[in-house]
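**Q** Residues per chain are reported as follows:
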Amino acid sequence: MTDKTQRAIGLETRGMTKTFGSLVALDDVSIHVAPGTFHALLGENGAGKSTLVKCIMGFYQPTRGQILVTGQERQIPSPAVARDLGIGMVYQHFTLVPCLSVAENMVIARGDVPNLIDWKAEKAALTQFMDSMPFRVTLDTPVSALSAGEKQKLEILKQLYLDQRFLILDEPTSVLTPGEADEVLGLVRGMADAGDITVLMITHKFREVTAFANHVSVLRRGQYVGGGKVSDMTTDALSRMMIGEATIRPPEARDASVLSDTRMDLVALYVDDDEGLPAVEAVDLKVNGGEIVGIAGVSGNGQSELVEAISGQRPLRDGRIFINGRPFEAKRGDYHSLKVFGLPEEPLKNAAVRRMSVAENIAFRSFDKPPMAGLGWWLRPVEIRRRGAELIASYRVKTPSTETPIENLSGGNVQRAILARELSDEVQVLIVANPCFGLDFMSVAEIRAQIVAARNKGAAVLLVSEDLDEVLELSDRVAVMSGGRITHVVEAAGADRNQIGKYMAGHA
Amino acid sequence: MLSPEVLTVLIAMLGGAIRVSTPYLFVALGETLTEKSGRINLGLEGNLVLGAMMAYAVSFHTGQPWLGVLAACGAGLFLGLLHGVICSLPRVNDIAVGIALMSFGTGAAFFFGKPYIQPQAPRLEGLALGEWSSNPALKQALLINPLFFLGIAIAVLLWWALANTRPGLILRMTGDSEASARAMGVNPVRVRILATVAGGGLAGIGGAFLSLSYPGSWNEGLSSGQGLMAVALVIFARWNPLRCVWAALLFGAAGAIGPALQSVGISQGYYFFNAAPYILTLFIMIASARAGLAAQSAPGELSIVK
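Protein sequence lines, in the order shown, are assigned to chains A and B.
The first sequence lines up with residues 8 to 515 when you count with my numbering.
The second sequence lines up with residues -16 to 289 when you count with my numbering.
What the hints contain is simulated information worked out from the structure, not anything from laboratory work.
Cβ coordinates follow ideal geometry from the N, Cα and C atoms, glycine included.
In silico lysine to any residue, SDA-like type, Cα no more than 25 Å apart, as pairs:
no., chain 1, residue 1, chain 2, residue 2
1, A, Lys130, B, Ala146
2, A, Lys127, B, Asn223
3, A, Lys356, A, Leu430
4, A, Lys356, B, Arg74
Distance ranges between label pairs, derived from CB positions:
no., chain 1, residue 1, chain 2, residue 2, range
5, A, Gly383, B, Ile269, 36 to 44 Å
6, B, Ile69, A, His343, 42 to 50 Å
7, B, Tyr253, A, Leu382, 55 to 63 Å
8, A, Gly118, B, Ala136, 25 to 33 Å
9, B, Ile269, A, Phe371, 30 to 38 Å
10, B, Tyr261, A, Pro322, 29 to 37 Å
11, B, Pro73, A, Arg71, 25 to 33 Å
12, A, Val88, B, Gly283, 24 to 32 Å
13, B, Ile69, A, Pro258, 54 to 62 Å
14, B, Pro73, A, Gly383, 40 to 48 Å
15, A, Pro322, B, Gln251, 41 to 49 Å
16, A, Val496, B, Gly283, 31 to 39 Å
For reference, chain A alone in the conformation it holds in the complex (with noise of 0.2 Å):
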């Protein structure tokens, strides 16, 4: 038997640049990974944690700089490389392949498996593996079948079993309920105090580097700006050093008089997925003018096919839509009359025409009604132009013209001009889901502002977000979605998160 403290292994970038093309994207960071720790790299959406990241597994090669493992410098070329030298990777997105079982997904990610697969050994050997670990997962059931919790351990699973000491994990609790993701990490700080391995942890929540680090460097716009103990740290430090000096919109302040009736009423709403499996069962749900109503959930639970459902791009198998108490259905007119509005995820694949202009994007309201239209088909794209400019200055959407097409604006900046699309109009009710993922803080701060504006003019706002902090901070009431149902609802003022999390689970 080894020495325990000789499993885990140190790292050390000195001096990481990388440029693509004119863009620096990674500019002169040196992070140190003492071997068994917990090291958090933290940072905004683009401010370089995956470029660097990406250098040191060799899916990029930097263009000065040095990495040394264990004291030694290395060259990384490529990812075969990296696994040599014992250091793994958890992908946000999963590398699992789903039809294959849990057992043939380890097996085959052994770079050494011989052709002829004897798995009587196989799963003996893996048996007694996963007996050695602290967490396990049933080694028959194809990977199809497994929660995203039980998919996260199998990745770090996978990875101990290749024999990586040096993890790196990104973003690791996007897909987990509050629950899970503590039950994770909690299990992985304890083998890296134990000195079994070392773990770098990108993410771009608080909560989960004080919880769970010892160490943290921060990163912005490439570059290093601090870090050290986080024993040492406090949040709001942290916070300065990933923002920076930039000013941030504040919170919206809550109007409680605009409260009104029941604007809009889901009845026994029954949804299918793409397989035809039902995806959403049975959700009953009033939202009152006035109020934010969020869903919370972990995805993959019924949210995504509840909005299709109710922005028609999905049919309803069962149940009615009552806005105002008139029956609504997801059609062109019902949308103009009873005025309803969306913010569906990804704005840029569900909400936009990529290859269209920003002002024709914005137009896509109106754009058949006078003054954009004469007799309802002849179009007046100067006034189409006049409006799109008219809503890029109000709503401080950044594009070189109102003719460039969509696709080419930001995330950040595509939620702006939908969102100039939706809300400049008297807004009855707002569907709103996911409208700050991947955005950075300014525009999260800008876009959750503008949510809770239209409240307080008076819209039902219904808000799906798979993030739960959002939900809480956003929401006058919260309703938790687990296995296509509605399981628990509860006003958003002293909620309690850990039992919130226990619904989301489907363990409550």
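Assemble the complex: chain A is given as a structure, and chain B must be docked to it using the hints.
**A** For chain B alone, kept in the frame of chain A given last:
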């Protein structure tokens, strides 16, 4: 007891099922192999026809039908290689290439096959497994071509290899999740080219059966779309080689209804019964489009699934 007519029809259908199913089986196995890698080859009809012509020509010149089978396999491998390589170029659609190669394969076969329409080439002999019976119809039905057994052996081998060998797992991994395959250092392009080539070869052998056993001659109307129907058959078999055998037998039996009924003197609706396999294809496509089961077992990287 069954009346003699019904018995005759059933025996004729059994024999027909075995005879007619063999080309389906080979093409379906080839298509399964290709689709398991995440690519669709709609051009296997071309492999089938070119294989049939090559087999007949080589058998005619050498007098060795088994050399003909090898030549058919070679022609199939060649067309498979063309498909595999062309589809590996950036932004090339495998379905369009498949249709182009189907035209190319049949066109080449008709062009080179003109001189072989008249002459008689030596055929593959069937194994007489019905000697114990005194019923001449049953004897005829059990005169089974060795290629049928080869097909079943390949199906079993393929089914076993997909679960128990490294290449099998890598093939399934590539077909289901290209990203995972890349992350593990597998070159998906290579895997797909190899799978398409091997699948093409199998379809070529199916063609040899057409010209050297049943119907057993070369002409331009030899294939009646078996290569295309095999694609539907693969969906019906849910990408499982063993289920391909049953599905092929089912299609074969459907194809044998017309001739079987004619053998007892029912010729009314002959053309309608001959259309049975096509109608079956239609119903299978409708049924499998509705069923979630097929969608679940489809390899994730197929361009029609994505």
